[in-house]
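Novice: Chains as they are written, first to last, in my numbering: chain A, 1 to 327; chain B, 328 to 646; chain C, 647 to 1161.
In case anyone wonders, no lab produced these hints; they're calculated from the structure.
Just so we're clear, the structure is a prediction, and the values are computed from it rather than from any experiment.
Do not rely on the hints blindly, as some may be mistaken.
Example chain C residues on the side facing chain A (calculated, C-beta under 8 angstroms, incomplete) [to be verified]:
(1) 987
(2) 996
(3) 1009
(4) 1018
(5) 1019
(6) 1030
DSS-like, lysine-lysine: derived pairs with alpha carbons at most 27 angstroms apart [what the hints assert, rightly or not]:
(7) C:1034 to C:1002
(8) C:1002 to A:217
(9) C:1002 to A:193
In silico negatives: residues of chain A with every beta carbon more than 12 angstroms from chain C [unchecked claim]:
(10) 29
(11) 35
(12) 39
(13) 40
(14) 52
(15) 58
(16) 103
(17) 108
(18) 116
(19) 165
(20) 196
(21) 271
(22) 294
(23) 296
(24) 298
(25) 304
We put the beta carbon where it would ideally sit given N, CA and C, even for glycine.
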Amino acid sequence: MSEAAETAGFLHQWKGAGFKRFIGPLLRPLGLLALCIVLSFLNENFFTLKNIISVLRQSTILVVVAVGMTVVILTAGIDLSVGGVMALVGCLTSQLIINGTPIVPAIACGLALGTLFGLLNGVLVRIFGLPPFVATYGMMWIANGLAMILMQGKIIFGLPDNFLWLGSGYLSIIPIPVILAAVVAVAFHFYLKKTVSGQEIYALGANREAARYSGIKITKTLLLVYSLSGFTAAIAGIIMTARLDAAQEGMGEPFMLQAIAAAVMGGSSLMGGEGGIPGTIIGALILTLVVNGLNLMGAPSMVHPLVTGAVILTAVFFDVVTRKWSD
Amino acid sequence: MKNKVQLRVVSIPPVIWIVLALFVLYSFFAPGFFSAGNLWNIGVQAAPLLVLAIGATIVILTEGIDLSCGIVLGFAGVGFALLAQRGFPIWLAMLGGILLAGVCGLVNGVMVACLHLPPFIATLGMASVITGAGLVSTEGMSIAVRDDVLEFVSNGAPLGIKMPILIALLIFGVVLFLMRFTAFGRNIYALGGNSEALRLSGANLTAAQIATYTVAGLLAGIAGILVASRTASGHITAGLGWDFDAIAATIIGGTSFEEGKGGVAYTILGVVLIAVLRNGLNVAGVPNMYQFALIGTVVLGAIIFDILVRRLSGAEESR
Amino acid sequence: MKLREAGPPPATEENMVAQAPILQARGISKEFPGVRALENVDFDVYPGEVHTLIGENGAGKSTLGKILMGAYTHDSGEILLAGKPIKINRPVEALRHGIGGVHQEFMLVPWLNVAQNIFLNREPRRWGIVVDHRRMHEESRRLLDSLDVHIDTRQPLKHFATAIQQMVELCKVMAANPRILILDEPTAVLTEREVECLFKRIKEMRAQGIAIIFISHRLQEIREIGDRVTVLRDGKNAASGLMNDFSNDELVRIMVGRSISQMYPRRRRPPGEEALRTKGLSVRGGPRNVDLVVRKGEIVGIAGLVGSGRTELAQAIFGIRQIEQGEITLFGDKVTPRSPAQMVRKGVGLIPEDRKFFGLTLKFSVAWNVVMASLRLHFPHFMVNYSKVARLAERFVKELRIATPSVSRQVKYLSGGNQQKVVLAKWLDTESKLLIFDEPTRGIDIGSKVEIHALMDNLVQKDIAILMISSDLPEVLGMSDVVYVMYQGQVSGRFNHDEATQDKVASLMLGVSGA
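Sequences are here, hints too, so could you generate the full structure?
Specialist: Printed below as a string of structure tokens:
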């Protein structure tokens, strides 16, 4: 591969001068490593296989949602409705199963609903020109409201075993959710980096008007992007319900902010056009480990929103600052 | 080209039509709606929302957004309740709560204006941090406050008008004055759209932006005190979901994220709509859980309706 | 390079000139990424004179004007006000020193009303805090009336045409009572009558002892109003002296420094079949009833003032703007442009006026900008091959002589001329058959201009059809085979290459009928 091609592969990472070019891509994996080391002091069993698998399994839901969120953020948009969609889909799917629908069609319905919600988000943003954070914020409340109506204030549990397998089953030693999350992550990564459609997403995010003037189909791409986010939120909701063996309105709430945090910490700029799946996965792992660490330290769950909020503010701050360096 | 001035068609905001439609609906389905007691009730319920929405409006005019105002509202109540619990005089406790909210707004403003964080993420992150802080400081419990002053603030009726409504209208008047007659107001209108012209004219845009968010915080604090007086307690979730109502009221009222459109005067219409909507649903016996979805739909519907009307009348370019 | 004696113009009944310059610029240099806009430039102006600053597009006169009025800061050199050195970082600081400027990018807030704009951040107050709206409107009306502009100052600025907005900008500056007034191409958007009015006002101000710097490239005007003239070329001083000491021909020669045929290399050839025909085309927000034809192998130029609807026309053809009436025939087939995606597939390319925002994605590399429009062409199976992208880009870099260290360099680091070449490469990569150029050489140094003109000529030799919109009249006249003139949204004239003269085209541009 010629030198030009090699560097062409890194074209989507910022090209700061000198050492910043190296620090940039390395910063995040190093941060993750540092965090692991810190946690190994709190938990002597940290680097055992059992624990690693446990951590991976804890991160799956977040990884799946964050992947979809990354795609939206790449277009300089945002999807605040993912938490609501997760809960709604989890509730719907479990309602269907409890009422006798076979598992596969029930899951299909759930996925369809999530994708539809995403599509509606896209319509609001593109066709009606609402700012993404307004449109998806409104849809969040609608999703939450629908979940409330669906559940009538009750909680569902006692779901059949073959459904719960999705959340707690294993394929040899690897938990099923980890496999699902890995499949989703790999598929999206491949899509973004290797397909024309994926590259068009980057172009759209980096400069929407220039992309439009270059003949890229803006409407089609944006509708697709938001639908994908709804789709991954649906998957995450189903995995979550399967893992907890419980469905309840409002259960997806903390994931919205965490998904954004994971994507931003992973290098996706809120201004669009930069970022990718590998970074998001690292971001998700870091967040999972932070929560893990808080639990190990015995901090009450009330502290979580405080820490998550602080983490995301710091992450976005660094994102903005390092972007200024490269200008 | 001649000095031709485009005709400005003064249109009645669609909001008014919707409110009228609701009135008609309610006369059939919610007969209790039109009683004097209920109408005062609406006013009292709407008062904190109006104060909050005014804060949301000025932030939105600068092309920003404050997604933390609902939490800050609750936080002010928490601060107030904690101070009262510790024995501070009740007025001081109220002031403390309001100032606490102002500090939160200040932090938001600094993040947006100095650190250049996008407003929605800055305020979202802030909301999360304050939620945690609010939970931790109260250990998740609601703190009760007992004092006769609260009765006056929430129920007193000097001049025959209930206190909360008076306070809200007073604040509305003050902010309206600021917007029209001071540099602060002009800066807010010019900030929207990132006005290079204003920056080049020497105005300190950073300070203006920080001031905007700080004022929004203070207003959320006042709203929080109003709510806390009514419930005689402070809990961080007191304002949960109110940010949606505040933003919705602003946008329905006619302020949009488009440059310079709208203002505080329009927001009062949006607040009326939301308050009427919620109250009517309550009186008609619609259970709480349906209200969220319903109101969300109505609000999005109103926004879309407004956009469509503007597009069809040629005032806005469709893509 | 003849540099004549730099000294004040002699005092006559028309001007009241002092003996010492009020503003002096010495050794001013300014660089933008990849381009030297000004190199060691000297300039001065005396109270009570009109000193005209002329040069071609891209010569640096606008840049110098902006530096003097505080919109840009200079890299080296000094500025002296009444003999004392000053540092200006922002226009408001310049205003405080008494230097006011009006340039082509207005510093106005479109959604505030006229009076608010005139008194932006300087609103008259009552009791120190409360804005006095009544007085603000009264004062604004008085200022506007002095320029013979009578409008409702309560209306938002964006309701008014560009010419009016420029008058508002001028009022804004005048309201601050400047001692030095800098006007950059003020007549570009004005009718003859408005120009008359403006000149009257300028002469009044000159009589009051105000020093006026008038930047333009229109020789007739500067001759009428100017006492002295300074010519800039390629960012350097080319000549300076009394207006009457130079003839128009001399000035042109000093400005251009090149022969016409060098600037506009064209090999005329018989045109081929029709590429584009519009009939009765009316577009939302601009052009009405436009009939035009572009054939393969020819360049059709559209001349007109800013706001005459040319860009809107281009946007309509490219599918960005809605067509209200009329029809478009592309390569023989009727077509309704609905989106750029559709038109690109049909072989149309648009090189937009604002290349930085609409033509390029600045933070992407040269390579990615080149292939952006043709991704589906090269990779029909959706799989992107990075080395192929690099190879394609390298081919164009060589062919168009784009100055860049590598194809993975971010486009934002390239000079204006090279950026424009990247935009051009993008459309060459899609093998477009009809190219629409909107201001192809605006803001580009002279050397690159010539290169781009040569490239355009090469393209028509290969049977490509070019529609060129330009405000640079010599460019339109030099490059086009057919010239259309647009005025206020309608086609006011059409000339073949041999019939078109500067005077005929210019008068149609200004709406004067019967050339």
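Novice: If a hint holds in the structure, say so; if it does not, say that too.
Specialist: Results of checking the hints against the structure:
1. 987: Hint on residue 987 of chain C: holds, closest Cβ of chain A at ~5 angstroms, below 8 angstroms.
2. 996: With a closest approach of 6 angstroms, the residue 996 of chain C hint holds.
3. 1009: Status holds, d = 6 angstroms.
4. 1018: holds, 4 angstroms
5. 1019: Since the shortest Cβ distance to chain A is 4 angstroms, the answer is holds.
6. 1030: Holds, because the Cβ-Cβ distance from residue 1030 of chain C to chain A comes to roughly 6 angstroms (cut-off 8 angstroms).
7. C:1034 to C:1002: holds, 25 angstroms
8. C:1002 to A:217: Roughly 20 angstroms separates the two Cα atoms, so the pair holds.
9. C:1002 to A:193: Distance ~25 angstroms between residue 1002 of chain C and residue 193 of chain A Cα, so the pair holds.
10. 29: holds, 22 angstroms
11. 35: holds, 30 angstroms
12. 39: holds, 36 angstroms
13. 40: Residue 40 of chain A is indeed farther than 12 angstroms from all Cβ atoms of chain C, at 38 angstroms.
14. 52: holds, 33 angstroms
15. 58: Fine: 34 angstroms to the nearest Cβ keeps residue 58 of chain A off the interface.
16. 103: holds, 33 angstroms
17. 108: holds, 26 angstroms
18. 116: holds, 25 angstroms
19. 165: holds, 34 angstroms
20. 196: Violated: least Cβ distance 5 angstroms, not greater than 12 angstroms.
21. 271: Nearest chain C Cβ is 10 angstroms from residue 271 of chain A, so the label is violated.
22. 294: holds, 37 angstroms
23. 296: holds, 41 angstroms
24. 298: At about 45 angstroms from chain C, residue 298 of chain A clears the 12 angstroms cut-off, so the statement holds.
25. 304: Consistent with the label, residue 304 of chain A stays out of reach of chain C, its closest Cβ about 35 angstroms off (over 12 angstroms).
The structure shown violates the earlier hints numbered 20 and 21.
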